[in-house]
Structure formats: structure tokens, C-alpha cells
Amino acid sequence: METRPDIAWLEVHTENYMGGGQPIAYLEGIRADYPISLHGVGLSLGSADGLDRAHLGRIRDVVERIEPVLVSEHLSWSVVDGSYVADLLPLPMTEEALETVYRHVDQVQSFLGRRILVENPSSYLRYRHSTIPEWEFLTAVARRTDCGILCDVNNIFVSAANHGWNPSVYLSALPADAIEEIHLAGHSIRRLEAGGVLRIDDHGSYVIPEVWALYAEALARFGPIPTLIEWDTNLPALGVLLDEADHAALLLEEAW
Amino acid sequence: MPTLLEVQRAIYRSLAAGDDAACDELIVSDAIPAEARLGIYRNTFLGTLTTALRLAYPAIHRLVGAEFFETAARIFISADLPRNAWLDDYGAGFPEFLAGFAPAASLPYLPGVARLERAVNRALHAPDAKALDLSLLAAVDPTDHNRIKFAPHPSVSLVQAEHPIDAIWRAVLAQDRAAMAAIDPAAGAVWLLVERRATGVEVARLTEPGWRFAAVLCASRPLQAAIDAASEIEAASALANLLAAGRFVGFELLT
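Protein chains in written order, with this note's numbering: chain A, 1 to 256; chain B, 1 to 255.
Treat each hint with caution, since some may be false.
Pairs of lysine to any residue, SDA-like flavour, derived with a Cα cap of 20 Å [unchecked claim]: (1) B:Lys130 x A:Ser130; (2) B:Lys130 x A:Gln22; (3) B:Lys130 x A:Ile132; (4) B:Lys130 x A:Gly21; (5) B:Lys130 x A:Ala25; (6) B:Lys130 x B:Ala59.
Derived list of chain A stretches under chain B, where covered just means 3 residues or more per stretch with a C-beta under 8 Å from a C-beta of chain B [to be verified]: (7) 17-24; (8) 28-37; (9) 41-52; (10) 100-111; (11) 193-202.
Note that these hints are calculated values from the structure, not bench results. On a predicted model such as this, the values are computed, not experimentally measured, just so you know. Ideal placement from N, C-alpha and C gives every residue a C-beta, glycine not left out.
My request is simple: use the sequences and hints to build the entire structure.
Here's what the structure looks like:
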């Protein structure tokens, strides 16, 4: 932050700023110079037993203090019976799960008094009783609750590869008017001891060419949408991050 | 068809307790079996929580080494999952877990250092709160003074241990081998006050009666109880010091 790089906006994990003291004070300082997007990982929009009101209250406190441009969460679940299973777990794609997510997105938007974005997760398993394609599920959530969509292009690629979907079909099924942010990231390829290969969304490397190509498709369809590159493990030098951001900026410019 | 709650409980049992029994019927197994798919999530979940504990207990991590820490953390995690995603607040039960963890028994000061680290972590992340406005206190009728109960600043903790845990904690975090070697773990008990100041977290040694006095007040018991608990000290100046340092954020009168 000392070099004040020329970047349009910054995104942080909401959960890292829920206390007092230096972290939130530092973020407030950055907020004076850059718009901030608050990206949550722990609200668990898909919990069968309801939203955690105390956690929602902590999110509201951060939102009130930081006044972010965007507030986002994931199409996933992490909490059951009052325990936080620290990962973004996939939902069964069923009518019951859809009703649950509708209800919770409505509750969050009315509690915060603003629109939120919901992001498609990367996933490594599917449920036998799922009946709705994920892209239809996400589109239905956006239509019904009027939330926006945070389209993670890398997650589409990863999930499509893991489950045998066509990533272009996924992308083209999403409602263009609901897309308000795009995420890009690197991922890794893991060969499992049990046999088979899974792509793992670990935010620890360069965006691969196939994902850049899918991003170009996304921009062609959605227009120039604010884009964030997630690189939060195995962090490289700032210059490498800025080069990746420049790559995205170049494609964004072409989309105007 | 399983309900959403049944699905989530089954996944929870798999990740937290390694019980995959119900998952085979739920999850698509093809070239990759359901257990291997769940294993990806289990690794992330355990890794995230182990990292949260390591960040909250860095001195414990250094004292016992990475491998021991990971083993202890995994046993603790499976028994004491976080209640929510504010992981800066996770691990309150870790010191007590270590106190009962037989493989750690050869380091008798370990649970004390862990309690200190918990207090430091709490001081780091406690909510911001304004110090008590002393003019409000001045308005209290002097005959009511002994009935005052204070609300402590949320960053303040009082920690007591039978070993010089503050010296151990400092030397370990500074990786100062000479200082570590110079510490006599049997040097005796310490009475500590941990809090967040404008410049960062501070760990200060108090006298034993001064600690008792502060501990009673920080437990929101009335001033008279603190005076009774520490009759050997000058209560007025001890209280003035606590107030001047902004360690209270409010008060009420015992009714």
C-alpha cells in the first residue's frame, strides 16, 4: 500500500475484519483511497437450519464501517447444527435447497438494506439426488431475489472439468444483466491416490490460458465487468500480480 | 430423497469424524470414489482450522514443533469445531485441551503460555470500545462508590500462572535462544494484565494483590469486593491507575 499502485478497487474477506484494533483501522485507511469489495466466506447461505444472526450482525458492522461498493457471498453451505465446517461445501441442486437459498438471500439483503452478489463455487463432488443444473440454480436465485451474480470464471472451468460439464454452456446460461463482478484465479491439478484427477481451486498460481479464453467469452457476453484476480496462497511478487491484472485490463478494454 | 439437513449432517460427520457411512448413498462415485472427493474438502477444512490455531498460538507452535502442533490441533479440532466463520476468535478451548493432553505433560508451562496467547489474541481482535467517560463517574454520590460495578474494556484479560510464561512467550517469539536458556521455568508465579493499547498489545506484570484487585473489578464485581479481596493495597490509587489507562468502558451500581 505504500506504493499506492494504480488499481481500480480492492477486495478483502469480510471475516478477516470482524474484530477491532489494527486490521479494520488499516482497512479504513485503504478505504480512503480505494473502493473496497467485501467478500464473505462464512455466511453459509445454504444452511438447512437457518442463517447465523450473530454472524450476519458482524457482517453488517463491517459493512457500516467500510461502506463497500460490493458485498458478496457464495452459493454453498458451511454451517450445520451450529458448527462451522471451514470450507465452501456444495449444495444438492434440489428444489428444497433452492427455496432455502431464496429465503436466506432475501433475509441478508433486507437485513443489510442492500443488494448482495452470490458467487458460483468450485466443487469436487456432486449429489446423486440433484435435479437442477448449477447454472439454472444460480440464475433462479438471481431472478427470484434480485441479487447480483459474482461470476467466477475459474470456478466454472474447475467445476466443469471435475464434473464433465461444458463451461461455455454454463457461462452462456447465466443472465447477463445480473453479472456485476468476475473472479479469475489459478488452480492446480491433483492426481488422486484412488485414481482419477481433480482440478483444485487454490488461488496459488497463474490464470491458465483456457480460463483466459473463457474470460474472453464472458466479457463478450456480459460486457466489461469489474474483474478481480484471486491469488492468496503462494503469493508472488507484487509485479507478477500487477502483470496478471494488466492482462485482464487489456481484455476488459477490448470489451468496451 | 434425503433432506438438505440430512445431507449436511452426513457431510459434517464425514469431515469432522471421518464417518463416511452415509455419504456413499449421497455422493456420485465414478472414476473417483466419494471418499476421495470428500477427502479434498476434509484437507481444506482441517488445513484452514489448523492454520487459524497456528496464527492464534504461534509460541505454542514453536515450543512443540510443527508436527506435534498439527497432531494436537487435529485432535482438538475434531472435538471443538468453531461455531462460526470468525476464525480470529477460534480456539478458546485450546489451552484447556493442552492442559489435559498427555503427550504435552513434559512441558508444565505449556497450558499457561497458551492461556497468555489466547489473551493476546483476544486483545488483538477485541471490538473497539471507548474508555469510560470519567465525568460520569464523578457524578456518582460518594456514598455509592463501593457499589460501583465496572464493565472492562473487551481487550483486557487477567492471566495468572505458576511459571514465568510472559518471559517464555517473549523469548520464544523473538527466537532468542540466550533469553530462553536464561529462563528458569521454576522461577515462580506471575500475575499478568494483557490489553490492547494504541501502539499494540501489551503484556504487563502486576503485583499479586494488584492483580487480585483488577481481576475482581474486571469480573464486574462491585468495588467493595475488590477492596476486600486486596485489603493490603491502596484502593484509591489502584483504581485511579486502572481508570486512567482506560481499562473500563462503563459502570453501573449494584442494586
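Hints, one by one, checked against the model:
The straight-line distance between the Cα atoms of Lys130 (chain B) and Ser130 (chain A) is roughly 51 Å, outside the 20 Å bound, and the hint therefore fails. The suggested pairing of Lys130 (chain B) with Gln22 (chain A) holds, with an alpha-carbon distance near 15 Å, which does not exceed 20 Å. For the given pair, Lys130 (chain B) sits about 51 Å from Ile132 (chain A) by alpha-carbon distance, which is inconsistent with the 20 Å threshold. Of the supplied pair hints, the one linking Lys130 (chain B) and Gly21 (chain A) holds, its CA atoms being roughly 12 Å apart against a limit of 20 Å.
This hinted pair checks out: Lys130 (chain B) and Ala25 (chain A) have alpha carbons roughly 15 Å apart, not beyond 20 Å. Between Lys130 (chain B) and Ala59 (chain B), the direct Cα distance comes to roughly 30 Å. Violation of the 20 Å bound is thereby established for this hinted pair. Taking a C-beta to C-beta cut-off of 8 Å, the region 17-24 of chain A contributes 7 residues in contact with chain B, enough for the three needed, and the coverage statement holds. With a threshold of 8 Å between beta carbons, the proposed coverage of the region 28-37 of chain A by chain B is violated, since 0 of its residues qualify and at least three are required.
Interface restraint, the region 41-52 of chain A with chain B: holds (9 residues with C-beta to C-beta distance below 8 Å; minimum three). Under the rule that three or more residues need a Cβ within less than 8 Å of chain B, the assignment of the region 100-111 of chain A is violated, with 1 such residues. Given a C-beta distance limit of less than 8 Å, the hint that chain B covers the region 193-202 of chain A holds, as 6 residues qualify and 3 suffice.
When held up to the earlier numbered hints, the structure conflicts with 1, 3, 6, 8, 10 and fits the remainder.
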